[in-house]
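Participant: So the chains spell out like this:
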Amino acid sequence: MNRFIRVAATLAALWIGSAVSATAQDRAILNGYVTDQANGETLLFANIILKGTTRGANTNTSGYYRLVGIPPGTYTVQFTYVGYRTVERELTFAEGQTIRLDVALEPEGNVLGEVVVEADAEREEARNIGAARVQTQLIREVPAVLQADVFRSIQLIPGVKSANDFSSGLYIRGGGPDQTLILLDRTTVYNPSHFFGFFSTFNPDAIKDVRVYKGGYPAEYGGRLGSVIDLYNKDGNRNRMGGTLSLGMLSSRAMIEGPYARGSYMLAVRRSTIEPILAALRGSVENIPRSFYFYDVNGKVNADLDDRNKLNLAFYGGEDNVDFPAADDLDLLLKYGNRTMSGTWTHLFSDRMFGNLTVTGSRYFNRPVFDIGGTEITRSNDVYDVSLKGDLDRAVTESHNISVGFWAGNLVLTLDDTFDGMATTQSRIQTTYMSAYVQDTWKWGPRTTLTSGLRLNRFSAGDYLRLEPRVSLEHAPEPGLRLQAAYGRYYQFLTLITNEAFSGFDVWLTTDTGVPPAWGDQFVLGLKAYPADGWNLEVETYYRTMRDLFELEPRLNDTAGLDYAELFRRGRGFAYGAEILVQRSQGRLNGFVGYTWGTTRRRFENYNQERFFPPKHDRIHDLNVVANWHFNRRWKATGVFSYATGQAYTEVLGRTQVGDPFGSGTIDPVIVGKVNASRLPAYHRMDIGFTRTGTFFGWGTAEFQIQFINIYSRRNIWFYNYDLEKNPPTKSEIPLLPFIPTLTYTVQF
Amino acid sequence: MRNLIASGLMAVSMAACLPYGQDAYREQIVVESWQTADSLLAPVKLSRTVPFGETYDFATAAVTDADVRIEELAADGSVAATFVYLPTAPGVYTAADPGARLRPATRYRLRADMPGRATLTAETTVPDTFRVVRRNADVLAYQGPVQFEADLSRSFYPGRQNIYIISTEAADPRRVNLVPLYAQLAEEEDDLDDLRRVSSGLINEGNYEVNADNTITLRFPWIAVAFYGENTVTFHTVDDNVYDFIRSATVQLGGGTTSPGEIENVIDHVENGIGIFGSTAAVKLRITVTDAVPAP
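As they're listed, the protein sequences go chains F and P.
The numbering of the first sequence is this note's numbering, which starts it at 1 and goes up by one.
The numbering of the second sequence is this note's numbering, which starts it at 750 and goes up by one.
So that you can see chain P by itself, here it is in the shape it has in the complex (with noise of 0.2 Å):
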């Protein structure tokens, strides 16, 4: 009888102690690579991952040795095309064929084979490119009654809507020309070039009504503006390698609906590593923001 209580007890507490151990860290290859439709290839980046707690460096954690090409494939699958990369840095591979372009809404895989590791592949479908038909303004008050809009031509990916950023690069990226809300932000020791970038993150174009010329509106929030001044307004349309490890990467450590301090790794399309090899298709124009705030 004692031995069948403790063999119950036993039972009980390995039941309530299902095995889910913690994992051991891993070095992991990491690859970076943002290329663009209709550009030139743009350069791979390889590197290592490293411990949580150490100074990351990324040319300590540089991947050197590494054979590194991409291939342009046929609708069969077949490989129509092979782009050779040579390391120009440490961790840094770029196209040999310094004309290479990528052709929009074509399929594309990246290679890398490193010594005594598998071969590291990644594939991305580069989304169709689009342009801008029309733009109601080149210069804008800030937060004036009129805000910045342009109608796009739609682009194209394969299976689902567009999906679109928006990001705006500040020409002058000076204090005195912040707008008052990243004025307030921007603490006086922040590097302002931090800033001279801003994005809006994935935006569907679920969001936006198509116009009867099958163009659509994107209107430009005033949030996107930091600064005064020339901005470059660029709008981009991603892939599902873009789609992914932006949208993973921004709730992972909080902001989503999960609980604080359950994070899950970023959704990325990499074998044998992690990282993105994505593209997106993108257009450029440019507007002027003055601070002449109307009296409200």
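Isolated chain F (complex conformation) (with noise of 0.2 Å):
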């Protein structure tokens, strides 16, 4: 404790120091918030730049933007934002002037009634190295089984894959689900599936923006090996009161928000309507469960007490629940969820030093009950994290801009199991974590900016204190054109015990004495162009290491009585791989191309005769295509093309037979050569949209879709399942998704 302490002291000093040392600023400043004009929602990293110049900025988590070091004159202020008319301000700068400009962008298709989008060559979004932004519009557009879901549109990126057509989980970069941190309004989310994995717990009618940084991030987020998905819920519409409505074949949604005296406010609701279909089905198919529903509420409260504070808190909580009579005398019941809260002050202590304060709170619980003939299998197992996090960002010289900020939280994990009323595991692990940052963004002339940062973590269960140091590198040779280099280090205190073909079972376990944390270097190099207008083209390559990999001993069959490092393989991998982005955001047809090429391997003690092997989700070559084709004002369509590898799988070469002292049978071990040294076909689909907007009986608007996934009815195949009781034994094929139709009626008023 007392370590970091220090050194979080001495971070802190050489911040202080820094801003000290800066001389009195006599150039001018220019500040302010950019919002939606349509709802007044703020624009998260939007672009500003003085015309003429090399200045720019971005704005930040908050909406908030700050260019400072403006020589007086005059200038032509530009603000840009992606789906949003262009804004230009003329402005004159007298020396040490601070202007505050709040900027409201007006949506294109308010502006100019058709829906040919204007593109400007100008116009770049903050595309920084590893990051990218995933509009709630794509998610809503995409062709989706049953519904409309944030983390299948995210899998479209180049860079992230899925394990499967059934699973939301996110592998990105060659990591697992459990190497990306999900933060909801800043809160760690800590199994955001619904329907056991197939969908996310993301209600996209609540969801404002969507930051997915696959590798390579800043320092002032840590936590996981891999990357992270920054969400935020929708602050509300401060103009107007508004809503949606949404009737769809799995879950319907509704939405309100709204202004108030002092701001604004979001509440969006969604639930399955699925019950009706399995009433229905009930009695004369097999296997239907006699209850099944999920649910989540997001909601979000904005207080704007004057321009310099403003409050927000924000909320989550949903929940799946399942009872399921596998057959008499054998039932499954499961329940689990999340919940979160978060509180969030952001105060604007100067023209130059901008900060928030955010206390947050997650709840994640699984409860299983499975009874089988009369013996009952229990599970209770809880996440509670606690936490306070605060950032600054200071403005210090013109060139040099230093964030620092804070995260201390306490987690308590506790999982109890029992078997036949007797209790088999009951583990409560309580750990204080605790990190602290500093980040240096410098402008090191006119088009070199070098952001360079570290973060100390110390985490005490195992009593850990580490230190990564991160560094970026952009260099814009010519307009248009940005090079990109990016090194960190990253390490991951926590593990997730976890099944890719079902999340409702889900376990984290962390670190503790003997099991030291896993930790991994990323090296990332990238290239941003826009070669014209409306055209948008990244390149990057990464190599990434993971070492140190503790995860549950996938062949424990009981953990009683042992030794918590017991429970755990240790491991080792790599990843490496380029990614394309081709993207064309203007015009009647729109959309855009990812390819990733990339490998990834794992290695275990006493697993594989510890070689390197890919798992399930390597694939080599991923390509997904995204086109949108507006016909009319009323209709559009929407095609999304997606082609893999095949994933690694590992094939059956022999048998053998011995005889079962402790049962009736015989067991059938199976002969394998290397683990996942075999693929599967290769994975193709297409799945296509359609919308058409009309009115709803003058009251809203109204969007009717009809969606078809896997259009061609390609038989994508999951796994192969083995047959052993057959003899001679049978490999048989474990398809993926059918073609399925989908239909969504949605009323926005």
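Treat the hints as calculated values from the structure; they're not laboratory data.
All of these numbers come straight from a predicted model, not from anything done at the bench.
Do not rely on the hints blindly, as some may be mistaken.
To be verified - Facing chain F, according to a computed beta carbon distance under 10 Å, are these residues of chain P, among others:
no., residue
1, Trp-783
2, Leu-789
3, Arg-797
4, Thr-804
5, Asp-806
6, Ile-914
7, Val-928
8, Asp-940
9, Ala-973
10, Pro-1009
11, Gly-1010
12, Ile-1025
The beta carbon of each residue, even a glycine, is placed where N, CA and C say it ideally should be.
From the two separate chains plus the hints, produce the assembled complex.
Facilitator: What follows is the structure in structure tokens.
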């Protein structure tokens, strides 16, 4: 603890020292917020430039921007954001003057009255290395099985893969789902899934912005080896009351938002509406659950106290509940879900310093109960995470911007298993975690920016103190072209026990004595170019290591009485690859093509003869094509084509048979060679959706969507099943999704 | 320049295809021998693996020309006694001394020599014996208020806790005697003899509290009863070989945390072959389960 405080104090002193050493600034400052004119929502990572100069800035996660060191004079300031009309303002700055300019950008659809999107050659969204943004419009438009889904849309980005059609889990740049930090309004979400992993928990009506840091992420984030998904709930419409009603085949959604005297509010509810279908099937079809539902509620209240202070309170609650009688005397009950809450105070300390302070609370629980012939097997698993985090961002000089922050919390993980009324596992892990970071963004001349940072982590379970250096460099040799490089070291103190096929039983475990944290280095090189109006090209290559990986030993039958360290297998891995994104954001035909060439490997002690092997999600080639075609003002089509190298699997080569002295049958071991040395057939699928926009009896706008998943009914293979009860044994294919049509009707008012 | 680009592309392609080719099937010798402490030496079976997809028949796969013996090892690793095995059926080898017994808490080595092959060897440390100290009932109502419990003296296994398997063998495995769960699961065409003996899987001793008299109380779960009537309950403690073999075979084709389709070979402790040369210590007792299910 003392070590942590000493090092954190040193980092703070560095920051304070740099602030004190800053010379008095005579040049002008421009700052303010950028919002959506239609609803007052703050726009995150909007671009602000002084035309004719190399000065520019982006809004932060609060929608705030700041330009410092402006020489006296008259300038045209340009505000741009993809999907919004560019705004320009002519401003005259006197020496030492600070101008506060809050700008509201108008969505392009509102202005043009037509679907053709006008682009601007100078429009450049903030595209930091390793980062990508997923627009909520894309989430709603991309054909999705039964309902729109945030994570399914993220899976279309180069470098992000899914395990299979049934899983919304994110496998980013070779990492597994637990290597990605999921934040909702700055709060960690531990199991972001519904329907046992089929969908993510995030309601697209409630989400304002999705930022994906695929790798090389900056010092303000930490705690995961690979990547960060940073989501923000909508603030709510600050101009007028409105809402959305959406009826879907699996679930329906309702959202209401509006202003009040001091700010805005938003409340979104989603609930499964599949019960009537289940009721109709019950009696005629076997294995229909006795009950099944899921729901989630997102809410946010904002209070604009004055032009320097804002408060917001955000919450999320979601749960899945199933009661499944598989046979007489054989029942499965499962309840799992998440609750999160956060309160954020955003404060503008001065023209040069911006900060926020957030209190977060997150809870994840799962409660499976099996009743098998009078023998009850239960699990009660909870994660409680309460934390306080703060960030300060200060323009120290014209060329230096320094950010500091901390994140401290208390994490409690409980796991109680019973078998036949007897406690078999009783585990309670309580740990505190603390981290602090300092980051300097140095504009090194007009074309080069160097961002360097340090993040210090302290984790009490096992008493670990770890330092993470991060650095990134960006050079713009000419307008419309940016070259980027980044390096970072990352530590992870948690591991997830999960199964690709089913996420309802997910359990988190931590480091402890004898179980050191996993760590890895990431190296990223990138190129961002804007070759023509409305066109965007991104190329990134990466190499990353994964060391001291700790995973639950998959061949442990029973963990009772074992030392904590004996629960895990230790290993290492690496991943490398290249990603290309070509995007067109204007015209009747727009969309993107994303291609990933990648490789990842793992090696574990006492497994696969300690050779590196490809995990199942490893795919060498991964291609996604997303295209929107605007027929006219009413009709629009969206198509998605995906192709990927077949996933790795283990081919069964031989077999034998021995008697079972404890049972009546036989034990039938299979003989394999290298683990996952074979490949399934290539995966490909095409989805198409059509959207018709109209009015709902003059009351609001209505949107009717019909979507066709897997239009040519490709029988992609999930895995092979081997049946050794037959002699000779058989091998059969377990297929992924067949052709599925989906209907959705949405009313916005 | 063109050559440079071509070389670069080739390097990238090779890097993407890290050499990790699929192995070809290779025949292996399989040993099977389940020994029990303080019992007569059990037979040793030797066979060959067969390619997946081919019909398995032990008689066809049997190794008939092996020279088999089991050596009892002294504490210093030297051979204290040798038990010669003789073939008694295709692939089945039986101790030449019909009265030879397996000593508890003792280490044994199996050696099998086959023409043209390296010697197959495997070793087991036999768990110490234990006994039933107390039991709470002889006759029980299925899913009634009283569950069968037995207090066992503690076995011993070097270097780790005891690991148990509980199995139940029904005396009268007829359909009319099936308990409701198994009656539902057993199809009409199923051979009920497959359910005659059911087992619990591996259970760590850490699940149970040690009583003041250094016994542990094992509660018998209802899931382990498939038939009403007389049942023989056997409590086994297992050696490392059985433990590793069972735990790895159980999840080989699914059920663990590995992704579906990711398969690893079963963990064995056999040199120049695969299979199981393992030992257990066991006690047996009888109970009667009646169908007098109390009203809820």
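Participant: If a hint holds in the structure, say so; if it doesn't, say that too.
Facilitator: Now for the hints, and whether the structure bears them out:
The restraint placing Trp-783 (chain P) at the interface with chain F holds, with a minimum CB-CB distance near 5 Å, inside the 10 Å limit. This hint is violated: Leu-789 (chain P) has a C-beta 14 Å from the nearest C-beta of chain F, more than the 10 Å allowed. The beta carbon of Arg-797 (chain P) comes within 8 Å of a beta carbon in chain F, closer than 10 Å, and the hint placing it at the interface holds. Residue-level restraint check for Thr-804 (chain P) holds (minimum Cβ-Cβ distance to chain F is 5 Å; threshold 10 Å).
Satisfaction of the interface hint for Asp-806 (chain P) is found here, the shortest Cβ-Cβ separation to chain F being roughly 8 Å, below the 10 Å cut-off. A distance limit of 10 Å between C-beta atoms decides the matter here; for Ile-914 (chain P) the minimum to chain F is near 5 Å, and the interface restraint holds. Hint status for Val-928 (chain P): holds, given a least beta-carbon distance of 7 Å to chain F, under 10 Å. Checking Asp-940 (chain P) against chain F: minimum C-beta separation of about 9 Å stays under 10 Å; hint holds.
Taking 10 Å as the C-beta cut-off, the interface hint given for Ala-973 (chain P) holds, the closest approach to chain F being about 8 Å. Using the Cβ-Cβ criterion of 10 Å, the hint placing Pro-1009 (chain P) at the interface with chain F is satisfied: the shortest such distance is roughly 4 Å. Given the 10 Å rule on beta carbons, the hint for Gly-1010 (chain P) holds: about 4 Å separates it from the nearest Cβ of chain F. Taking 10 Å as the C-beta contact cut-off toward chain F, the hint placing Ile-1025 (chain P) at the interface holds, the least distance being around 6 Å.
The structure fails hint 2 only (numbered hints given earlier).
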